[in-house]
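Protein chains in written order, with this note's numbering: chain W, 1 to 299; chain Y, 1 to 314.
Among the clues, some could well be false.
Claimed, not checked - Reference listing, derived: stretches of chain Y covered by chain W, where coverage requires no fewer than 3 residues with Cβ under 8 Å from a Cβ of chain W:
#1 45-54
#2 63-73
#3 184-197
#4 288-294
Said to hold, decoys possible - Beyond 12 Å from chain W on every Cβ pair, some chain Y residues (computed):
#5 S157
#6 T172
#7 R268
Honestly, the hints are just simulated from the structure, not real lab data.
The beta-carbon is built from N, C-alpha and C at its ideal position, and this holds for glycine as well.
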Amino acid sequence: MTGAQIAANALEGIRHGERKRLAAQLFNGFMYGAIGLAFLALVALIGQTAVKGLPGLSLQFFTNFPSRINPSTSGAQSAIVGTVYLTLLTAVFVIPVGIATALYLEEYADKTRWWNRLIEVNIQNLAAVPSVVYGILGLAFIVRGPLGIGPVLLAGGLTLGLLVLPVVIIVARESIRAVPPSIRDGALALGATKWQTVSRQVLPSARAGIVTGVILSLSRAIGETAPLLVIGAASSPRFNPSGLNDAFTALPIQIFTWTQDPNPQFVDQAATASIVLLLILLGMNGIAIVLRNRYEQRW
Amino acid sequence: MKKGLISIATALVLAAGVSACGGSSGSTSAESLSGSIRVDGSSTVFPFAQAAAESFNQDQANVKIAVGESGTGGGFAKFCAGETDISGASREIKPEEAAVCEKNGITYQSVQVANDGIAIAANPALGVDCLTTAQLKQIWNKGSSINSLSQIDPKLSTTKLSLFGPGTDSGTFDFFTEKINGEKGATREKYAASEDDNTLVTGVQGDKGGFGYFGYSYAAAAGDKITIVGVDNGKGCIKPSVATVQDGSYAPLSRPLFMYVSEKAISRPEVKAFLAKTTDGSVSIAGSAKLVPMTDAQLAAAKTQLATAEKNAK
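Using the sequences and the accompanying hints, generate a full structural model.
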């Protein structure tokens, strides 16, 4: 190899490197642009909601019921209480069923059996089904049909529970799978039974992921409008549900009803209700982060 | 708390007043009722039902009234399945809906509660005073490319129109397209749509080619900032007013609004009291709901219908 050739090769290398660097920079710029655009849209949206909704955010908004006769005294008490009840109900329903299913599929199920594979594939698919379809399911099987309990709070909780159940199962399975086999082997080697291993070693090790997943799924349930509309939640009721068998509403329904209204005062109250919903969601996601940091295990 | 006491006191005084003047069909404001009532149906009747529930709760706080807005058809589907007690309707029940009710053994009574009218509004600068239903159809029908009123009548203004109308979710939209364009939902595409009637009013008054349609009470409230255009349905030009909407002579853009109550439901004291209070207070409730109230004759007819329903109650 002559000196000239070496020089040419080196130059080629530099040029190649430069081109690569340029491409990398372009791509970087593109990514920042994409993030910026998304962020800008978010800021604009939240900003507009805040401008319209913040003036209405007062104690009265939490203590009063929606009012048609005197719109300026409207509040969202029934919707806020309804959302809290719905979340609790959904959690009560989804946590035991979801975790038990995940444990069965990860720890007990024989994956060579066709029915277990069928369950797995179905759960994956169910997680991708649009929420309104769950609403129709709830209407046909819970509100009418076999259960026939009517458009009541329990029906809302069960429908939302069904909606987030696949996601909870998937997240719980991931966390259980992340527990190293050595933990199980160690426990079994020390004479623990299968159940003792699962309940005292695997579950506690996986709880950070499970808890985070459950809370994030519940946040999704809170923001759902379509399934509740389909099963027939009430619009702007002036009472809180006093039992599982009572009519109910939730914040997204209240927001939807108010934005539809010809009276602009209600549209502003929809913005206020959106802020309350956002705060609840932020609070829940904050709790999820704290719990994850606290319980997270590193192997 | 203090505020609460004051409003309770006001409600009591009002209730006393009502029962003193009315004293009619089963005013039961003395006894305390409980239970729950399910109301659903037309989105036009929805604000009325909501205001009615609110005013009823002022002296009967323990009755839970859940009001939904599934639309007239969706409301009847639930009503005839026995899922609701009262169904709001902006038209009479259709034979096929009535057949479902009959199959499920739901007998019912319709009671008029208010009137609804749609006003055609124009910016005063357009100088238009009256249009026929055929001309309105020319402007608003599917595929219309009318840009100025001079295209439908050479004598009218050549100013470029800016059209305003309600969005497709609105009961007003369904009603207008059905009556004027002949098919529910058929509309021209190019117009500024908003569910907010006040936006439409602002739009029409803010543009010198402003032209649109929306609920009569909003047009009336706008005063002389807009011109309310009369409609000629073959019987001369008639402008919407409380009187012409009430008697239906402002055709075809006025209609009565109903509540259908099942005879099974009205046997329950809370439903009976709710409907009695709602008809008694229908004038002020219609005001809160921005609808046109009933005439005295309509009110009397509504009370008779209620009495029939109570008599048939099982």
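Hint numbers the structure violates, sorted upward? The structure conflicts with hint 6 only, although it agrees with all the remaining ones.
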